[in-house]
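> Just so you know, the protein sequences line up as chains A and B, in that order. Our numbering numbers the first residue of the first sequence as 11 and each following residue consecutively. Our numbering numbers the first residue of the second sequence as 7 and each following residue consecutively.
Check the hints yourself; a few may be wrong.
When the alpha-carbon atoms are kept at most 25 angstroms apart in a straight line, the in silico BS3-like pairs for lysine-lysine are as follows [to be verified]: (1) B:10 <-> A:101; (2) A:141 <-> B:252; (3) A:141 <-> B:10; (4) B:136 <-> A:121; (5) B:60 <-> A:92; (6) A:97 <-> B:27; (7) B:27 <-> A:103; (8) B:10 <-> A:140; (9) B:27 <-> A:66; (10) A:92 <-> A:140; (11) B:252 <-> A:140; (12) A:58 <-> B:31; (13) A:137 <-> B:252; (14) B:31 <-> A:92; (15) A:97 <-> B:8; (16) A:101 <-> B:31; (17) B:31 <-> A:121; (18) B:8 <-> A:137.
To be clear, the hints were calculated from the coordinates, so they are not data collected in a lab. Just so you know, these numbers come straight off a predicted model, no measurement behind them.
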Amino acid sequence: MNEPAIIFDQVHKSYPLYHHITGGIKNFLFHLPKALTTLKNSKYEALKNISFSVDKGESLGIIGRNGAGKSTILGLIAGVIKPSEGKVIVKGKISPFLELGGSFHPELTGKENIILNGVLLGLTRDKVRKKIDDIIEFSELGDFIDQPIRIYSSGMLARLGFSVVAHLDPEILIIDEVLAAGDIDFQKKCFQRMLGFRKNGVTMVFVSHSMESVERICDRAIWIEKHTIQMEGHPKDVVSHYKAR
Amino acid sequence: MKEKIQYYLDLIIVLTQKEIKVRYKSSFLGYLWSIGHPLALAFVFFLAFKIVMKVEIENYSLFLIAGLFPWQWFSNSVNSSPSVFLQNGSIIKKVNFPRNIIPLTIILQEMFHFLLSIPVIILFLFMYHKSPSFSWLYGLPILVSIQFLMIFGISLMISSANLFFRDLERLTSIFLTLLFYFTPIIYPETMVPQEYKTLINLNPLAPLMVSWRKLFLNGTLEIFDVGISLVYALVALVLGYQVYRKLSWRFAEIL
Numbered sequence: 011m012n013e014p015a016i017i018f019d020q021v022h023k024s025y026p027l028y029h030h031i032t033g034g035i036k037n038f039l040f041h042l043p044k045a046l047t048t049l050k051n052s053k054y055e056a057l058k059n060i061s062f063s064v065d066k067g068e069s070l071g072i073i074g075r076n077g078a079g080k081s082t083i084l085g086l087i088a089g090v091i092k093p094s095e096g097k098v099i100v101k102g103k104i105s106p107f108l109e110l111g112g113s114f115h116p117e118l119t120g121k122e123n124i125i126l127n128g129v130l131l132g133l134t135r136d137k138v139r140k141k142i143d144d145i146i147e148f149s150e151l152g153d154f155i156d157q158p159i160r161i162y163s164s165g166m167l168a169r170l171g172f173s174v175v176a177h178l179d180p181e182i183l184i185i186d187e188v189l190a191a192g193d194i195d196f197q198k199k200c201f202q203r204m205l206g207f208r209k210n211g212v213t214m215v216f217v218s219h220s221m222e223s224v225e226r227i228c229d230r231a232i233w234i235e236k237h238t239i240q241m242e243g244h245p246k247d248v249v250s251h252y253k254a255r
Numbered sequence: 007m008k009e010k011i012q013y014y015l016d017l018i019i020v021l022t023q024k025e026i027k028v029r030y031k032s033s034f035l036g037y038l039w040s041i042g043h044p045l046a047l048a049f050v051f052f053l054a055f056k057i058v059m060k061v062e063i064e065n066y067s068l069f070l071i072a073g074l075f076p077w078q079w080f081s082n083s084v085n086s087s088p089s090v091f092l093q094n095g096s097i098i099k100k101v102n103f104p105r106n107i108i109p110l111t112i113i114l115q116e117m118f119h120f121l122l123s124i125p126v127i128i129l130f131l132f133m134y135h136k137s138p139s140f141s142w143l144y145g146l147p148i149l150v151s152i153q154f155l156m157i158f159g160i161s162l163m164i165s166s167a168n169l170f171f172r173d174l175e176r177l178t179s180i181f182l183t184l185l186f187y188f189t190p191i192i193y194p195e196t197m198v199p200q201e202y203k204t205l206i207n208l209n210p211l212a213p214l215m216v217s218w219r220k221l222f223l224n225g226t227l228e229i230f231d232v233g234i235s236l237v238y239a240l241v242a243l244v245l246g247y248q249v250y251r252k253l254s255w256r257f258a259e260i261l
């Protein structure tokens with residue numbers, strides 16, 4: 011079971027600061043040499059020398075302050091961005107989910123959004139159609155499911171979003187801050203579901219600001235501070251150090 | 007491999023359906039809007055050129071819509087290209103799928119509206135005691151394919167480049183206005199003065215629009231026009247794909 015599903019090998023990620031060119035074409039042309047050098051050198055270091063691995067079936071929690079680089083790590087795992095240096099290796103089918111509900115369309119009904127999101131998250135249309143009744147039942151949205159989701163409350167949106175995720179068949183699940191919205195009953199249900207995924211050997215990477223969920227769900231945690239790994243270890247230890255910082 | 011193709015196909019279908027549904031959902035008149043705009047344009051040009059300026063073109067209203075409907079497909083698709091990736095930023099940042107599916111679905115959606123507008127052209131043909139020709143059976147698929155490839159190439163180019171050079175959005179709409187009047191849509195190519203005639207076919211859209219009109223009005227398809235249109239379409243596709251390929255891996259970080 012100790013085969014790694016995700017490997018980060020000395021990963022650096024820097025973003026060029028593109029908006030430097032928008033100082034206006036006049037400024038840009040008048041100070042061309044200077045403008046070009048600032049354009050080349052203006053980089054934002056999002057991650058510095060990150061190395062870790064996640065075993066198959068393991069769940070890893072990532073904690074840290076806003077802007078520390080957590081979402082960049084998730085983006086690298088999902089494969090939507092590339093590392094500037096180092097290597098990222100991911101083995102298995104990924105269900106990427108960063109911020110629930112971000113890819114919903116407000117004018118479509120709950121049902122239509124389930125199909126759209128199910129396919130976006132990696133299911134075929136056939137599979138979504140087979141699972142749609144379960145998804146709707148899980149969401150407990152009742153008649154609202156045929157209403158456009160612009161009238162949904164944020165809690166209802168969270169329900170819809172997690173219900174789709176709960177019915178994916180991922181090998182690697184990426185979760186960014188799911189349990190923030192939704193009432194206590196539904197949060198419980200989500201927890202159960204995530205523990206179920208964990209039991210079934212799904213590899214999970216879980217980003218959260220809820221220390222309690224990280225402690226309950228994760229086998230291991232890393233704390234990202236100022237774009238590097240500050241600490242890695244048992245969730246309880248990492249969380250207590252993070253809180254005491 | 008087969009699974010992957012099936013998946014991408016599903017993705018294209020679902021995203022195109024979304025575009026179509028969203029477009030009709032909150033509007034009362036729905037379908038009428040997709041033909042309403044070109045019809046209104048036709049009316050304006052008819053008023054200006056036929057009634058006021060008394061230009062001698064036979065069946066001018068029919069002539070106009072035969073060119074304006076395919077132009078709308080082209081112009082709407084190209085016009086929305088700069089913003090397609092911007093609007094779908096949230097998906098692009100989360101899910102790793104071929105990004106070219108997004109402009110593709112926009113073009114398919116516009117194509118769908120164009121195909122739905124063909125009955126209106128038939129209606130106008132009947133009004134002028136003409137009828138659709140059997141040559142449409144092969145003419146339509148040929149011209150639809152050529153125009154599809156051409157738009158896809160242009161759209162890939164504009165949508166990718168616009169993320170790095172946002173001014174392109176303004177340039178695109180100016181460019182489209184110029185292109186509209188440089189293309190024989192509201193006037194026949196035969197009315198162009200002799201000394202400029204050789205320049206017409208330098209406009210990549212001209213032979214295609216001329217072909218559309220000839221197909222709709224006379225049921226003819228000229229191999230020369232179709233040939234250069236196809237060449238232009240392939241050139242646009244190759245160029246567009248190159249630009250897209252060079253830039254697409256950076257989409258998620260710039261959005």
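> Against each hint, give a clear statement of whether it holds in the structure.
Hints, verified against the model:
no., hint, result
1, B:10 <-> A:101, "holds, 17 angstroms"
2, A:141 <-> B:252, "violated, 38 angstroms"
3, A:141 <-> B:10, "holds, 20 angstroms"
4, B:136 <-> A:121, "violated, 46 angstroms"
5, B:60 <-> A:92, "violated, 61 angstroms"
6, A:97 <-> B:27, "violated, 42 angstroms"
7, B:27 <-> A:103, "violated, 30 angstroms"
8, B:10 <-> A:140, "holds, 19 angstroms"
9, B:27 <-> A:66, "violated, 40 angstroms"
10, A:92 <-> A:140, "violated, 35 angstroms"
11, B:252 <-> A:140, "violated, 39 angstroms"
12, A:58 <-> B:31, "violated, 47 angstroms"
13, A:137 <-> B:252, "violated, 34 angstroms"
14, B:31 <-> A:92, "violated, 38 angstroms"
15, A:97 <-> B:8, "violated, 29 angstroms"
16, A:101 <-> B:31, "violated, 41 angstroms"
17, B:31 <-> A:121, "holds, 14 angstroms"
18, B:8 <-> A:137, "holds, 16 angstroms"
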